[in-house]
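Read off the chains here:
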Amino acid sequence: MTKTLTIVVVEEDRDRAIAIVDALKDACACDVFVIGNATGLARKIAAHAPDIVLIDIDNPTRDMMEELTLASGPLERPVAMFVSSAAGGMAQTAIEAGVSAYVVDGLSPERVKPVMDTAIARFAMVRQMRNELAETRRALEERKVIDRAKGLLMKAKGIDEDAAYALLRKTAMDQGRRVADVAEALVTASGLLG
Amino acid sequence: MKHVTVPVAYMPLVDAAPLIIAQEMGFAEAEGIALDLIAAPSWSSVRDMLAFGRVDAAHMLSPVPVAMAMGLGGMSTALSAVSVLSVNGNVIGVGTPLEDRLRANGYGFDFADPVAAAEALAQVRDGPIVFGVPFPFSMHVELLRYWSRATALGADGIVIRTVPPPLMANALAAGDVDAFCVGEPWGSVAVDEGAGALLLPGTAIWTFAPEKVLAVRTDWAETEPDLTGRLMRAIWRAGRWLADPAVRPTASELLSRKAYLDVPPELIDRALSGHLTVSARGEVRQVARFVEFHAGAASFPWRSQAKWIAAQLQQIHKTEPFDPDRIAHVFRADLYRAHLGAATVDMPGASEKVEGVIRHETAVATAGGGLTLLPNRFFDDQIFDPGAAK
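Quick mapping for you: the protein sequence lines, in order, are chains A and B. In terms of our numbering, the first sequence opens at residue 1 and continues consecutively. In terms of our numbering, the second sequence opens at residue 195 and continues consecutively.
Since the hints were derived computationally from the structure, they do not count as laboratory data. Yeah, the Cβ is synthetic: ideal placement off N, Cα and C, and Gly gets one too. Among these hints, one or two may not hold up.
[Unchecked claim] 30 Å max Cα-Cα, derived DSSO-like pairs, lysine-lysine:
id	chain 1	residue 1	chain 2	residue 2
1	A	LYS44	B	LYS512
2	A	LYS157	A	LYS144
3	A	LYS25	A	LYS3
4	A	LYS155	A	LYS44
5	B	LYS452	A	LYS170
6	A	LYS170	A	LYS157
7	A	LYS113	A	LYS25
8	A	LYS155	A	LYS170
9	B	LYS512	A	LYS144
[To be verified] Distance ranges between label pairs, derived from CB positions:
id	chain 1	residue 1	chain 2	residue 2	range
10	B	THR556	A	ASP13	20 to 30 Å
11	A	ASP13	B	ASP456	43 to 53 Å
12	B	GLY476	A	ALA185	33 to 43 Å
13	B	ALA536	A	PRO114	52 to 62 Å
14	B	LYS452	A	ASN131	52 to 62 Å
15	B	GLY535	A	MET129	43 to 53 Å
16	B	PRO360	A	MET129	43 to 53 Å
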């Protein structure tokens, strides 16, 4: 019989961490631990002696993981960034999904695969949600700037809101720029002249 | 002419300047390329993006490609350092508790003497001093180890932990680290946040330490020789542009943009001018050649530099003996000659040099005229002979 896998997930966001843990527990017989705070990360991970560590590829604390890849690090068994050729293009898929996996030396690919499949699917979903959220935020931010620019034009030229927007849009089209960029330039310039 | 876009990964640091300038000041465009500069969240990410082909070139810590060639760390893709992007530019600093104890002992924070700084630290410590660095394979680690071994600190007198610089202030506050070695602007950020004081510039330990390199996949350099050459020339011209003190305000302004470093230009100017504020009390120190992008053949990837880095890595990680010539070939003096030879660069005659022997600026004859080599000296006057490296 094989020993239960121990997996550590490094993730600050609680909801996201729970979603990943739930998915992993459904997919394999494993113990999953979450580490949320970067302070003393290497030591905290080492305390669990994990077989696999999963971390968002954009997490800046990834560099702290790098110490665990050295045999002289605090973990007895060195881990390696998951690049096993036995698993084919899995490393590439993982990176595209936004997850980096560190796998303990000597763990067989058959045991790693179900964990990775699940992690890749889950991280890809999280990434997509995050992109959508960032997109929404950006749109909201741009809307605010455009509103301010409209306000400035209405006041300066004594025109109504529709005319102000039409002017912004025409300027943008003439200059081959986005309306939001023209609005931002106007708001900045007005701030300087203000 | 349709421009070819070259994706390039970098960390938002002052020494990414040659890449940012190459794109912003038109040096890339003049070579018919456009740099798609991708700011990375971590050094691991820079390395992975390059190794997996997400980008074709990267701003990289000089020891990373050497460590990879030695089988250290998690990745083994063959990388080539085709040029050195910057020489020096790091600072060593201490957190507020250590700063207070040093001051109580009368230490003056001269920001110059590494022997006196080590003695002062050795007097006030109550155990090994924990230094935070950005990455395990970095000039930061190699300089700290070199310094501690040869001074009152002692080889076992320091512990090195990896802490991403944006989290350094937190790590200091949590007592996770006592001190740090980082690249600018992070030292100045720590000072301005009141997290600590700067003790030494990296140049006080080695006056000519190759800090960042322009790294590409070795097979990419082979299959895309034309693009490699265009990229190298654009970046070399950006480095030459940066060498003129008159451009500093422009350079600081460009680097400070939100898309790049996103810190005030004044903070960046400190590193570019070597005029550093070393403590929250506003003490200012001037450092000659704090960071160098061009003068003294700064961008030449000396094979002896790769050998020095490898010798340090071997000592730190107790690796198996390695073939020094194979490792030296990670620093591609051959490609530098091939691609920059026509760009009227004053090319050094040799590709290896004895590191640590140049005490003063020295003029040497080259095919293209004259080249002035800058001081290349270790603080303890050791010399490193690459021919004798085992």
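Just to be sure I understand the hint, the distance between the Cβ atoms of B/PRO360 and A/MET129 should be within 43 to 53 Å; is that true here?
24 Å, violated
Hey, A/LYS157 versus A/LYS144, does the alpha-carbon distance stay inside 30 Å?
20 Å, holds
Sort out whether A/LYS157 lies within 30 Å of A/LYS170, counting only the CA atoms.
16 Å, holds
Given the hint that A/LYS25 pairs with A/LYS3, does the C-alpha gap stay at or below 30 Å?
Status holds; Cα separation ~15 Å.
Between the alpha carbons of B/LYS452 and A/LYS170, is the straight-line distance 30 Å or under?
Roughly 27 Å between the alpha carbons, so the hint for B/LYS452 and A/LYS170 holds.
For a C-alpha distance cap of 30 Å, please report whether A/LYS44 and B/LYS512 respect it.
25 Å, holds
So does B/GLY535 sit 43 to 53 Å from A/MET129, Cβ to Cβ?
51 Å, holds
C-beta pair B/GLY476, A/ALA185: status relative to the range 33 to 43 Å that was hinted
36 Å, holds
Range hint 43 to 53 Å: satisfied by the CB atoms of A/ASP13 and B/ASP456?
23 Å, violated
Do the alpha carbons of A/LYS113 and A/LYS25 lie within 30 Å of each other, as the hint requires?
14 Å, holds
Given the hint that A/LYS155 pairs with A/LYS170, does the C-alpha gap stay at or below 30 Å?
18 Å, holds
Between B/ALA536 and A/PRO114, does the C-beta distance stay in 52 to 62 Å?
55 Å, holds
Violated hints, listed in ascending order, are 4, 9, 10, 11, 14, 16; each of the other numbered hints is respected by the structure.
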